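Protein chains in written order, with the numbering used here: chain A, 1 to 239; chain B, 1 to 224.
FYI, nobody ran anything at the bench for these hints, they're computed from the structure. Being a predicted model, the structure only gives us computed values, none of them experimental. Please note: incorrect hints may appear among the correct ones.
What the hints assert, rightly or not - Restraint ranges, calculated between C-beta atoms of paired labels, are given here:
1) P59(B) <-> K91(A): 26 to 36 Å
2) P202(A) <-> A85(B): 23 to 33 Å
3) Q81(B) <-> D210(A): 51 to 61 Å
4) M62(B) <-> P88(A): 23 to 33 Å
We treat Cβ as the ideally placed atom computed from N, Cα and C, and that holds for glycine.
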Amino acid sequence: MRNKLFDTFDAAVADIPDGASIMFSGFAGPGTPRYLIEALHRQGAKGIHAISNTPGRWGDSSLVDLSLLVQDRRVAKVSAAFTAATHPSAKLPFTDLYEAGEVEAELMPQGTLAERIRAAGAGIAGFYTPAGVGTEIAEGKEVRTFDGRVYLLELPLPADYAFIHANKADDIGNLQFRLTQRNFGPIMARAAKITIVELDEPIVEAGDLDPDSIHTPSIFVDRMVVIPADAPKEVKNQR
Amino acid sequence: MTEKQPLDRQTMANRIAMEFQDGWVVNLGIGIPTLCSNFVHVDKEIVYQAENGVVNYGPMAMDGEEDLWLVNAGGQYVLPQPGMATMDHADSFALIRSGYVDVTVLGAYEVAANGDFANWRVHGRKGGGIGGAMDLAVSAKNVYVIMDHTTRDGQARLVERCALPLTAVSVVKLIATNYGLVEVTPSGFVLKEIAPGYEPAEVQALTGAPMAISPDLREFQVAS
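Could you put the whole structure together from the sequences, leaning on the hints where they help?
Here it is in structure tokens:
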């Protein structure tokens, strides 16, 4: 059996090339793979296509997230449900670079983002969604009516890598998430060629997790790193 | 004589929350809409759903009570409660798009007389924040908006046609503003309730489209 457990975050991201597409789990804190993001920042890969709910949060937050890579110009493109903060007065590091034309963005409804990722990990070639009909999002897309309701064709969104933060795993890579930490984790694990996971809890032996309580089966997981007990811990977000 | 007073944010949110029916699945947008969860329903059970994959979550967590892995769609810490369930993002939006949400309450920059609304990009900017609003707006059984009646410069936000890029077409049914409660009907805006001390003509003057006055117009009322 292939050993999926890596000793360090740096080793787990060492081979990621410039220009890689990477999915980042997380929603407003929970599920954000902060240690993998820090390791990739040290590793130096650039030209990244980041797929994430947001391109990272505003500068004064003490939570480490995708904005670490954005600020150092490691990200060439973001596919996300936000390119700006929900309140116009709160500026994301990404927004200035985007408005200056230094980084690309593909902005879409959050449910469309989730379903495009799901489709990529489900062998589905495309799907029709009602979200965005009659808006700018519909521009250039096939519009089709089913049963009197109008939908847009959306295509799958796969990636080379997924960075995921989960709660617990066994030694073959079966994953469990906690509460709203789960968000994009399970669908990204299926949609990426190589899935790398950071874990809150020490690894348990195969058989110790209830098979009915596994959120992501091991076959979708390639690399795992346990967050050391002395690592800087998650902090409350600043909202 | 009633003192002339625009409505504050919590009062606007309370009035919208009063519309929730027993057993409704409610999704609250970021900003003022999250205040709807502060309203205490005496005889109704409300099921709060957040698009980051949680249904039946409890009230806001106080300092020291937070679980760092449990937040609502606004990123605010909430408490677990019996019956709560979590799911991944695809399942969460499956729940939303398949019509299980009875009402979504959203903020907006503009609402048009035909129910179109715009809430993701401001004037002069590139990109914006769509979040889950487009999915929710076309899928929830009811779309309610809470927003200020005008911009800070006094420009109308209730308009004939939205100037900003749309979030969804023809979906808004009810709007609470700092000057009243406005229903969006097939024939346009109807003022149903008005802030204390204001005359309908004053509210009409702040509105960018014709607004009918309900024959049952009353003062904005929030049950306490």
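Cross-check of the supplied hints:
A C-beta distance of roughly 31 Å is found between P59(B) and K91(A), which places it inside the suggested range of 26 to 36 Å. Separated by about 27 Å at the C-beta atoms, P202(A) and A85(B) satisfy the suggested range of 23 to 33 Å. For the pair Q81(B) and D210(A), the beta carbons lie near 23 Å from each other, so the given range of 51 to 61 Å is not met. Range check, M62(B) to P88(A): about 29 Å between beta-carbon atoms, so the 23 to 33 Å window is met.
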